[in-house]
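Starting from two chains that each stand alone, build the complex the way the hints lay out.
Protein sequences, first through last, are from chains A and B.
The numbering of the first sequence is the numbering used here, which starts it at 2 and goes up by one.
The numbering of the second sequence is the numbering used here, which starts it at 992 and goes up by one.
Note that these hints are calculated values from the structure, not bench results.
Keep in mind it's a predicted model, so treat the numbers as computed, not measured.
Where hints are given, some of them may not hold.
As the list claims (entries may be wrong) - Simulated pairs of lysine-lysine, DSBU-like, Cα-Cα distance not exceeding 35 Å:
no., chain 1, residue 1, chain 2, residue 2
1, A, K68, B, K1059
2, B, K1059, A, K45
3, B, K1043, B, K1059
To be verified - Here are the simulated distance ranges between beta carbons:
no., chain 1, residue 1, chain 2, residue 2, range
4, A, S6, B, G1020, 45 to 55 Å
5, A, S21, B, S1005, 24 to 34 Å
6, A, R64, B, D1045, 39 to 49 Å
The beta-carbon is built from N, C-alpha and C at its ideal position, and this holds for glycine as well.
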Amino acid sequence: DTAVSQTPKYLVTQMGNDKSIKCEQNLGHDTMYWYKQDSKKFLKIMFSYNNKELIINETVPNRFSPKSPDKAHLNLHINSLELGDSAVYFCASTFGGAEAFFGQGTRLTVV
Amino acid sequence: GNSVTQMEGPVTLSEEAFLTINCTYTATGYPSLFWYVQYPGEGLQLLLKATKADDKGSNKGFEATYRKETTSFHLEKGSVQVSDSAVYFCALSGPMTTDSWGKLQFGAGTQVVVTP
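This is chain B alone, in the form it adopts within the complex (with noise of 0.2 Å):
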């Protein structure tokens, strides 16, 4: 089945550092991938996707590029606020069948912590 695997946290870093978040991930076909945040006490949001190879997400100074090669879509952001505090989750969500619409496979989150 499908599986997400994200690096453990927590991650602290200080101020615009350079934050970089690792997942790697096991699927059939052609999922789409997220990353969705979750700020404390909130819901989750969406952060940014990319529904095929090679497609870049970005969104909010974050990036994150599918590869297809090494089944990778590692997070990135040159330099961190400490608003970015938050947990960061890769998912993916694939193949669109009928017992799996939709369906999020999440990763186990990563806690990133920003010092000022």
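Only chain A is shown next, with the shape it has when bound in the complex (with noise of 0.2 Å):
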């Protein structure tokens, strides 16, 4: 069984739309993240959620809403998409922010 899965794994999208990509764990955590991976493969943390709290929150631009509507599963949608967006969007997961359990990533190319 997947621990920590995002959909889709791969989206490529036309500048100005919107989108979003999803995220479910199983693994009973209470913290769930967004990280950005960017073309030189390096980290950085968006968001995070506690128990359906927002309570890290990057400085990211406001077209980014990460949604969480209960504590197994978090959504980020992205308006008006710019081609800089493109990078690997990763979900991550964690109990009392322990270690962090990672999703497979999405892929997400602007053109």
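And the structure:
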């Protein structure tokens, strides 16, 4: 069973479109995260939710909006996509802030 | 703020060679330290961790010791295999405050290429 799963794995879209990435974890964890990995493989946190409450909100354009309908799900919606949004987006989860389990990533390409 | 510095790659080795990837950190308090590995086209997997000074994390033949006096967490493996080719990330987490709960600060990653 996949512990942290993201969909879709690949997403190719045009500039200006709105898209969503979904994440689900079946580990019973209480905290979920979104990380962005750029073309040089550098990873940076974007958001975190603990028990459906937003607790980390890094300096991210407000075109990015996370939503957590319950503890097991954290979705990322992106409005008005730009070329610079092209990256791999990783979802992760922890229990009590301990070691993180990551999803397989969503490779977003904006053309 | 917290930061992690790790050696740049790529590191190219022959099979059965000794691997060291240096990692140093800057942090307040006592962070937890991690090594994650990313195989081509995959997500990140936790390789090993250490949560306090002098702890040694180990897994799959890899080891790293939390050295507070040198603020380092170097990754080592005595004999690498082709299957160890991947990108390795050093990361830290801490302190556990409400606005940094489990937040990972990553190094830039080191690509390791092992040739037969």
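Here is how each hint holds up against the structure:
The suggested pairing of A/K68 with B/K1059 is violated, with an alpha-carbon distance near 38 Å, which exceeds 35 Å. Annotation: proposed proximity of B/K1059 to A/K45 holds, straight-line Cα distance about 24 Å (limit 35 Å). For the hint linking B/K1043 to B/K1059, the alpha-carbon distance of about 8 Å falls within 35 Å, and the restraint holds. Distance hint check: the CB atoms of A/S6 and B/G1020 are about 34 Å apart, inconsistent with the given range 45 to 55 Å.
In this structure the hint that A/S21 and B/S1005 lie 24 to 34 Å apart at CB is violated, the actual value being about 45 Å. At about 45 Å, the CB distance of A/R64 to B/D1045 agrees with the hint of 39 to 49 Å.
The earlier numbered hints that this structure contradicts are 1, 4 and 5.
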